[in-house]
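For chain A, the structure is supplied; the task is to place chain B on it using the hints.
Protein chains: 2
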Amino acid sequence: MQNFTFVNPTRIIFGKAVVAKLGPEAAAAGKKALLVYGGGSIKKNGVYDVLTGALKANGVEIVEHAGVKPNPALSHVKAGIEKAKANGCDVVVAAGGGSVIDEAKAIAAGARFPGDVWDFFCGKAEIREALPLFTALTLPATGSEMNAGCVVTNEATAQKYSAHSPALFPRVSALDPETTLTLPRAQVANGAVDALAHIIEGYFTTRDADAEITDEVVHALARSVVASTLRILKDPADYNARASMMWSATLALNGLATCGYGGMNFINHAIEHSLSALYDIAHGAGLAIVMPAWFKHHLETAGPARLEKFGAAVFGVKTADETILAFEDFFRKAGAPVRLPEAGIPPEDIPKIAANAMGLIRLWGMKHEQPEIEKILNKAK
Amino acid sequence: MQNFTFVNPTRIIFGKAVVAKLGPEAAAAGKKALLVYGGGSIKKNGVYDVLTGALKANGVEIVEHAGVKPNPALSHVKAGIEKAKANGCDVVVAAGGGSVIDEAKAIAAGARFPGDVWDFFCGKAEIREALPLFTALTLPATGSEMNAGCVVTNEATAQKYSAHSPALFPRVSALDPETTLTLPRAQVANGAVDALAHIIEGYFTTRDADAEITDEVVHALARSVVASTLRILKDPADYNARASMMWSATLALNGLATCGYGGMNFINHAIEHSLSALYDIAHGAGLAIVMPAWFKHHLETAGPARLEKFGAAVFGVKTADETILAFEDFFRKAGAPVRLPEAGIPPEDIPKIAANAMGLIRLWGMKHEQPEIEKILNKAK
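Protein chains in written order, with our numbering: chain A, 1 to 381; chain B, 1001 to 1381.
Same shape as in the complex, but just chain A (with noise of 0.2 Å):
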């Protein structure tokens, strides 16, 4: 087991109707507040108007900054970056999943930075500071809401590149697990197969494989994203299901999965963000493409012993290829694709999706070069 530091100041309150709860700890923190939000889904499901009613009621001004998209772009990020600037707004709260809570990150330490707030994500500046945050969540996926990283796509040189800092961490952030109980099969999809790319990507890249009561808590949260979503697939108005999966997620990316593990590669996903970055597919679409495709590099490079453990512990088989059937078995039953091709990705495109890869590869410091990823990506067929 390797030294780490784990520290997670955000305080989570969960559960039903507990997004109006976020206009008081808002209060507390600052008076007129960006509002960051995407599409209009929060419209639908009723988050928009208790959390704007709560923010007022607490005497919290509202600057509205909608449109986000998954993905977030670069551009919009920009734009809110001006708006919370000329508006003189001293908090940020974001309402909807993760790419919403993403740039919304991006906007809060961009909004305290005299320079280009891409340099952040490009390694040439550091996020010392930035407006407190507060997040309502409404689908479970990316763990954003309880941890200091963001992603950001730059369209303009189609790179999907990601920052860190403390200061990202939100304040308090809201998850009610009935917020998702509308949300449509893909992004329960998508959502189950994020988590599960954050829970494994350390587990099988640690450096220390012997750190097994993170081993153990891997297995945990595997296994509860697996369960809960086969239930919400059957049922979707399983709350306790909404609510194992909302959880699950959060814990998936808060820390706690890769504790003594010593160095990892996150290079699932340094491949995947190549891929949506490319041709704007869902992440959990991309890393469904992916993962079982280098499950089986992993197999050739590092031999049979964590996908064999993994197994067994999560889907209870007993070989290698048995896990990693099981993990395409899984993201075929929720409906994620498995294949380039069934993400409509033609495999010509290997090289250009490998060569976009290796600059989130290089700037992230990993030891793989270009034939390497070609080679992964050839098994995703």
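Simulated from the structure, these hints should not be mistaken for laboratory data. Treat the hints with care, as some may be off.
One side only, chain B facing chain A, incomplete, derived with CB under 10 Å [what the hints assert, rightly or not]:
#1 Q1002
#2 V1172
#3 V1225
Derived pair list, reagent style DSS-like, types lysine-lysine, alpha-carbon separation capped at 25 Å [as the list claims (entries may be wrong)]:
#4 B:K1296 with B:K1333
#5 A:K375 with A:K352
#6 A:K318 with B:K1318
#7 A:K31 with A:K56
#8 A:K309 with B:K1309
#9 A:K78 with A:K21
#10 A:K318 with A:K379
#11 B:K1044 with B:K1021
#12 A:K32 with A:K78
#13 A:K381 with A:K352
#14 A:K309 with B:K1234
#15 A:K367 with A:K333
#16 B:K1379 with B:K1352
#17 A:K43 with A:K83
#18 B:K1367 with B:K1381
#19 A:K234 with B:K1309
#20 B:K1379 with A:K309
#21 B:K1032 with A:K318
Every residue, glycine too, gets a C-beta built ideally from N, C-alpha and C.
Structure of chain B alone, referenced to chain A:
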């Protein structure tokens, strides 16, 4: 799954040679530290030298408060408060196990309070502020290094009571598993039992048994505690087993193991506190006696479902009876007593023990009467 709030701001620095990192951390919070420790084991294992060296090297003056006992005594807490006040200490540093950290918390709160510190424990006053606290943990067991509670024994009244406040979260806790390599076997056993007791208390008294993610987390932590302890008993020098045990015990009572369970009873702890208050036995030893008895009572009153689920996931057994036997078997293997006489406690004292427990049960607002507590204790004869 019931509504919950989760927040835990303590920073954990975990691994080899991390104790010295408390020097700069404490220096950022204060200039004069009350150094709280126990009987001197930290002088044998090197923690004392490293810690005092690091504090001094960072310009922090040290006022020593040694001699904390297992089941820390109110009189010693009060002496510590006087010392902190008289010397103008502005930070508290604890080095040791849960008793040391608990006493340090009580002192940290008492040093900022004009009244009687015991008022915090019997519900007459609320802790609103405390001196900043830093801890070097040397005994995995109580979880105090990453939570906001503490337990103190009033020797005059034989009351072992607890206090809680967000102000009691340690700022930083340094967990070096190497400092646990020389622990006596009995302390290994007591720590394992205590951690397991924390893990199961919510699971078995939940008002909502459909919080699958938290059930999974509980199973994961319990499996890790059991497996790590068996490895340690086999090979006390097994660093990775020590590390897994240490992190498991911390996670066992940092809030994660009860999320979504709604109301819970700390019934095993309430009963045990009277054992250690009356007989000054180790908390873990007392719990190893109480838990099997309480499980038998739980089986009679609540049915077999939870015991079966837990046993299948953690011990690989099928029936509720087998689960209880598996607990006893583990406690015995670890060297803990599982019946009152094995700890030298005469069964004739059961009415007295139950009467003492009722004090805490009433204080915590739990719905149990003395005959029920006696009935439970009679199963531990």
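For each hint, the structure was consulted:
The beta carbon of Q1002 of chain B is positioned within 10 Å of a beta carbon in chain A (closest approach about 7 Å), and the interface hint is therefore held. Because the beta carbon of V1172 of chain B sits about 9 Å from the nearest beta carbon in chain A, less than 10 Å, this interface hint is met. At a threshold of 10 Å, the smallest CB-CB gap from V1225 of chain B to chain A is about 9 Å, leaving the interface hint in force. Annotation: proposed proximity of K1296 of chain B to K1333 of chain B holds, straight-line Cα distance about 20 Å (limit 25 Å).
Among the hinted pairs, K375 of chain A with K352 of chain A is consistent with the structure: their alpha-carbon atoms are about 13 Å apart, no more than 25 Å. Annotation: proposed proximity of K318 of chain A to K1318 of chain B holds, straight-line Cα distance about 22 Å (limit 25 Å). Between K31 of chain A and K56 of chain A the alpha-carbon distance is near 10 Å, which keeps this suggested pair within the 25 Å criterion. Of the pairs offered as hints, the one joining K309 of chain A and K1309 of chain B holds, with about 21 Å between alpha carbons and a cut-off of 25 Å not exceeded.
About 29 Å separates the Cα atoms of K78 of chain A and K21 of chain A, which puts this hinted pair outside 25 Å; it is violated. A distance of roughly 22 Å separates the Cα atoms of K318 of chain A and K379 of chain A; the hinted pair therefore holds under the 25 Å criterion. For the hint linking K1044 of chain B to K1021 of chain B, the alpha-carbon distance of about 20 Å falls within 25 Å, and the restraint holds. Restraint check for K32 of chain A and K78 of chain A: the C-alpha separation of about 19 Å stays at or below 25 Å, so the hint holds.
For the given pair, K381 of chain A sits about 14 Å from K352 of chain A by alpha-carbon distance, which is consistent with the 25 Å threshold. For the hint pairing K309 of chain A with K1234 of chain B, the CA-to-CA distance comes to about 23 Å; that is within 25 Å, so the pair holds. For the hint pairing K367 of chain A with K333 of chain A, the CA-to-CA distance comes to about 34 Å; that exceeds 25 Å, so the pair is violated. Distance check on the hinted pair: K1379 of chain B and K1352 of chain B sit about 16 Å apart at the alpha-carbon level, within 25 Å; holds.
Simply put, K43 of chain A and K83 of chain A have alpha-carbon atoms about 21 Å apart, close enough for the 25 Å limit, and the pair holds. Taken as a hint, the K1367 of chain B and K1381 of chain B pair is honoured in the structure, with Cα atoms around 24 Å apart against an allowance of 25 Å. Between K234 of chain A and K1309 of chain B the alpha-carbon distance is near 23 Å, which keeps this suggested pair within the 25 Å criterion. With a CA separation close to 39 Å, the supplied pair K1379 of chain B and K309 of chain A exceeds the 25 Å bound.
Of the pairs offered as hints, the one joining K1032 of chain B and K318 of chain A is violated, with about 58 Å between alpha carbons and a cut-off of 25 Å exceeded.
In this structure, the hints that do not hold are numbers 9, 15, 20 and 21, in rising order.
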